[in-house]
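A.B. asks: Sequence:
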Amino acid sequence: LTDISYRTFPFINRYSNEFKPIIFMAAHSIKTVQKIPISLDEAWAFFSNPANLQAITPSNMGFRVISKHHGEKMYAGQIIEYTVKPVLGIPIYWMTEITQVKDKEYFIDEQRFGPYKLWHHQHHFKAIEGGVEMTDIIHYKNPMWFLGTLANELFVKKQLQGIFDFRFKKVEEMFGKWN
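Each residue of the sequence shown is one higher than the one before, starting from 903 at the first, in our numbering.
There could be a bad hint or two in this list.
Unchecked claim - 20 Å max Cα-Cα, derived SDA-like pairs, lysine to any residue: (1) LYS1019 / TYR1042; (2) LYS1019 / ILE981; (3) LYS1019 / PHE1070.
To be verified - Using C-beta positions, here's what the derived DEER-type ranges look like: (4) TRP1047 / LYS1004: 31 to 39 Å; (5) LEU1020 / ARG966: 22 to 30 Å; (6) MET1046 / GLU944: 37 to 45 Å; (7) GLN956 / GLU1031: 28 to 36 Å; (8) PRO1045 / ASN1081: 39 to 47 Å; (9) TRP1047 / GLY1078: 38 to 46 Å; (10) THR1037 / ILE992: 29 to 37 Å; (11) GLY973 / ALA929: 41 to 49 Å.
Simulated from the structure, these hints should not be mistaken for lab results. Glycine included, C-beta positions come from ideal geometry on N, C-alpha and C.
Could you build all of it, start to finish, from the sequences and the hints given here?
C.D. replies: Below, the structure written as structure tokens:
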């Protein structure tokens, strides 16, 4: 299940009392849900370890974890550094902070420096009969005002959708398909 939603922020037109959307200020959201036939402990151990991110990211993104001092166990305040090549193979530095962690339930990463004006990614895990349900909720905003909105329509949202489609298939390959 994948749900991509787009929101615009209203403002009052100075010539009327009507609210109108400002497209160029749009923040976007993506929600994916995947059921995996593994235990909650296995899911948490894999997905909360930054060293495993590269395995579930398309190779054409050139994604690499470059931080050296992030540790193996996730904790609030943890800084993780990456390089990624989302456009024309040009490497971009990306730093995220794990802002919240509730063991075997959820963790949240937020961009501190990188390609987005806003990046807030919630990772939720819930034990269900026969496995675990994993839900990702991402809120993001591109930089550069209306050019960021244009870039989103031209390639950013398709690229993000492609990353999560790849991740869905890769997780099925690694852990099995949900029946």
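A.B. asks: Indicate, hint by hint, whether the structure satisfies it.
C.D. replies: Evaluated hints:
1. For the suggested pair LYS1019 and TYR1042, the alpha carbons sit about 7 Å apart, so the restraint of at most 20 Å is met.
2. Restraint check: the Cα-Cα separation between LYS1019 and ILE981 comes to about 18 Å, which is no more than 20 Å; the hinted pair holds.
3. Distance restraint check for LYS1019 and PHE1070: the Cα-Cα separation of roughly 26 Å exceeds the 20 Å cut-off, and the hinted pair is therefore not satisfied.
4. In this structure the hint that TRP1047 and LYS1004 lie 31 to 39 Å apart at CB holds, the actual value being about 36 Å.
5. Look at LEU1020 against ARG966: about 23 Å separates their beta carbons, and that is inside 22 to 30 Å.
6. For the hinted restraint 37 to 45 Å between MET1046 and GLU944, the CB-CB distance of approximately 41 Å keeps it satisfied.
7. Roughly 31 Å separates the CB atoms of GLN956 and GLU1031, a value that falls within the hinted 28 to 36 Å.
8. Between PRO1045 and ASN1081 the beta carbon distance is about 43 Å. The supplied range of 39 to 47 Å therefore holds.
9. At about 44 Å, the CB distance of TRP1047 to GLY1078 agrees with the hint of 38 to 46 Å.
10. At about 32 Å, the CB distance of THR1037 to ILE992 agrees with the hint of 29 to 37 Å.
11. A C-beta distance of roughly 31 Å is found between GLY973 and ALA929, which places it outside the suggested range of 41 to 49 Å.
Hints 3 and 11, counting from the list given before, are not met by this structure.
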